[in-house]
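Given next are the chains, with one letter for each unit.
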Amino acid sequence: MNLLLTISFSSVASGIHNWLVSTIPNELLAKSVEMVIAGICLLLFLVPLCFILGYMERKVAGFMQMRYGPNRVGPYGSLQIVADTVKLVMKEGLTPTGSDKFLFNLAPVIMVVTCMLVLAPIAFAKDFQIWDINIGVLYVSAISSLAVIGILMAGWSSYNKYSLLGAMRSGAQIVSYELSVGLSLISIVILTGSLKMSDIVMSQETGWWIIRGHIPVIISFVIFVIASTAEINRAPFDLAEAEQELTAGFHTEYAGMKFAMFLLAEYINLFIVSAIAATLFLGGWMPFHIGHWQEFNHIMDFVPSSLWFLGKTFFIIFIIMQFRWTFPRLRVDQLLTLEWKYLLPISMVNTILVTVMAIMGWHF
Amino acid sequence: MFLTDYIRTVYKGVRSLLTGMKTTGYYFTHARKEIKTEEYPDNRATLTMFDRFKGEVVMPHDENNEHRCTGCQACEIACPNGTIKIITKQELQPDGKKKKAIDTFVYHLELCTMCNLCVVACPSDAIKMAQTFEHSVYDKKQLKKVLNNPGSKIMEGVE
Ligand code: SF4
Ligand code: SF4
Chain A
1 MNLLLTISFS
11 SVASGIHNWL
21 VSTIPNELLA
31 KSVEMVIAGI
41 CLLLFLVPLC
51 FILGYMERKV
61 AGFMQMRYGP
71 NRVGPYGSLQ
81 IVADTVKLVM
91 KEGLTPTGSD
101 KFLFNLAPVI
111 MVVTCMLVLA
121 PIAFAKDFQI
131 WDINIGVLYV
141 SAISSLAVIG
151 ILMAGWSSYN
161 KYSLLGAMRS
171 GAQIVSYELS
181 VGLSLISIVI
191 LTGSLKMSDI
201 VMSQETGWWI
211 IRGHIPVIIS
221 FVIFVIASTA
231 EINRAPFDLA
241 EAEQELTAGF
251 HTEYAGMKFA
261 MFLLAEYINL
271 FIVSAIAATL
281 FLGGWMPFHI
291 GHWQEFNHIM
301 DFVPSSLWFL
311 GKTFFIIFII
321 MQFRWTFPRL
331 RVDQLLTLEW
341 KYLLPISMVN
351 TILVTVMAIM
361 GWHF
Chain B
365 MFLTDYIRTV
375 YKGVRSLLTG
385 MKTTGYYFTH
395 ARKEIKTEEY
405 PDNRATLTMF
415 DRFKGEVVMP
425 HDENNEHRCT
435 GCQACEIACP
445 NGTIKIITKQ
455 ELQPDGKKKK
465 AIDTFVYHLE
475 LCTMCNLCVV
485 ACPSDAIKMA
495 QTFEHSVYDK
505 KQLKKVLNNP
515 GSKIMEGVE
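So the protein lines, in turn, are chains A and B. Last residue of the first sequence? That's 364 in this note's numbering, and every number before it is there in order. Last residue of the second sequence? That's 523 in this note's numbering, and every number before it is there in order.
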């Protein structure tokens, strides 16, 4: 038990690092081996994560619609998603005639690569982070807006009007909602005074921002969750896919493995958005601390930091899933009205509020 | 003026969204109680269909093997699909008179749309809809059914 408590992700990571540096004399080689290991670990983490999220989504959807969800394959239907993956892999990967073959095949890869890039600065546990870049928040918001390139590419190269319409809509959508996402991220940057992910997490040692920053931070948290749901094209903002009117939007023409990659990207994006919300507003891996109550804080520290991180992330994932299964879909004009008339003005005023609060020190 | 309207819209919007989330949240947390799914092949032994379910047309017989059908053919005329064929015969009454009676009530299940029109049309309540629904067979001929039991006769007092 004692041994288990002392082993943490960060000690494992630094152990591997030290071992690599000592056994491989060439520094460049050691670095690249380390990067490859990190990449493999990330993949080993992401694929099961997508399975879990897919299963979770179906169960949540089922329960919210008063049905069971998958319950035939494996105990409680837990192997359903494996069966679906096997089905997708067995399917023919069709490339339609008339499509731009190169771009058509490149688009799903770009989608997956961009969302894996965003994972780099996210702290999964205490001192356990792939790349603690000093402009973490900026990096995240810059790279996550690249995803629209994959969508536009897929829509344009498919040679299909539904795909093109879906892609164009998603372009308009991401460009508009980017603003609200950025402004709500800025409110935390103002309070922390740093763009670095590890600094942001450490600044919440005496309490998470959502508690310490009270009303303005709660407003920006809500805006962040809404706007980032729109940014990752999930229902009720799934205008890029729009099953009801565009068959499947930008991925109408995709089948088999390439379609599976879009699905993978969708779930990784969902995880990323929730992880960022958890890091910025709910303290990331930081356990629940109240001010300077040393005893209480110490008890909370016994729960491993990775569990804190995953717990918070899954809480936000659940909320976003609940959005999907509760709210009706928006029309295109309603979507833009919501952003330009409501979310953006509110988050602008809110930014001023946060700034005043930070200057006057009105937070806990 | 504009500002109060604006704030009111935001308030109303947020409130109605939260109401929706409360409902789905309730369903999620009370899943065990709220789920309405019938796990059909598993619960076959206990499954009871609701009263108004229309599975097939049947003709109830009582314990003396008597039915209520007079052979008036109103159901045959009412049926939009030609599902029902009634073959009548002349039956000798005890008083010596002949009377029209039913010989065979042929019912083609494969043509029936379960529209209930025949049941409504019947003046003597001789037929009704049953709640059975496992009708699949390997041979189409088995779907042609004779509804009156062999040797059955009309109930006393039904005209
Ligand atoms: S239910 Fe409708 S289709 Fe079937 S026998 Fe009666 S009238 Fe005909
Ligand atoms: S079932 Fe009813 S309507 Fe049809 S022939 Fe018999 S009595 Fe007449």
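Don't read these hints as lab results, they were simulated from the structure. The structure presented is a predicted model; accordingly, all values stated were derived computationally and were not measured. Glycine residues also receive a C-beta, built at the ideal position from the N, C-alpha and C atoms. A few of these clues could be false.
Not the full set, but computed from the structure, chain B residues with beta-carbon under 8 Å of chain A [as the list claims (entries may be wrong)]:
no., residue
1, THR388
2, ALA395
3, GLU398
4, VAL422
5, PRO424
6, THR468
Every beta carbon over 12 Å from chain B, so not counted as near; a handful from chain A, in silico [what the hints assert, rightly or not]:
no., residue
7, THR23
8, PHE45
9, VAL60
10, GLN65
11, TYR139
12, VAL189
13, TRP325
14, ILE346
15, TRP362
Hints, one by one, checked against the model:
The interface hint given for B:THR388 holds, since its Cβ lies 4 Å from the closest Cβ of chain A, which is under the 8 Å cut-off. For B:ALA395, the interface hint holds, the least distance from its beta-carbon to any beta-carbon of chain A being 4 Å, beneath 8 Å. For B:GLU398, the shortest C-beta to C-beta distance to chain A is roughly 5 Å, which falls under 8 Å, so the interface hint holds. Interface hint at B:VAL422: violated, since its Cβ lies 32 Å from the closest Cβ of chain A, which is beyond the 8 Å cut-off.
The restraint placing B:PRO424 at the interface with chain A is violated, with a minimum CB-CB distance near 36 Å, outside the 8 Å limit. Among the interface hints, the one on B:THR468 is violated; its C-beta lies about 45 Å from the nearest C-beta in chain A, farther than the 8 Å criterion. With a minimum CB-CB distance of about 51 Å to chain B, A:THR23 clears the 12 Å threshold, and the non-interface call stands. The beta carbon of A:PHE45 is kept farther than 12 Å from every beta carbon of chain B, the shortest such distance being approximately 27 Å.
A beta-carbon of chain B comes within 12 Å of the beta-carbon of A:VAL60; the shortest separation is about 7 Å. At the 12 Å boundary, the C-beta of A:GLN65 falls inside the reach of chain B, the nearest C-beta of that chain being 7 Å off. In this structure A:TYR139 is separated from chain B by more than 12 Å, as the shortest Cβ-Cβ distance comes to about 32 Å. Against chain B, the non-interface label of A:VAL189 holds: every CB pair exceeds 12 Å, the least being about 25 Å.
At the 12 Å boundary, the C-beta of A:TRP325 falls inside the reach of chain B, the nearest C-beta of that chain being 6 Å off. The non-interface label for A:ILE346 is inconsistent with chain B: the shortest C-beta to C-beta separation is roughly 7 Å, within 12 Å. Against chain B, the non-interface label of A:TRP362 holds: every CB pair exceeds 12 Å, the least being about 22 Å.
The earlier numbered hints that this structure contradicts are 4, 5, 6, 9, 10, 13 and 14.
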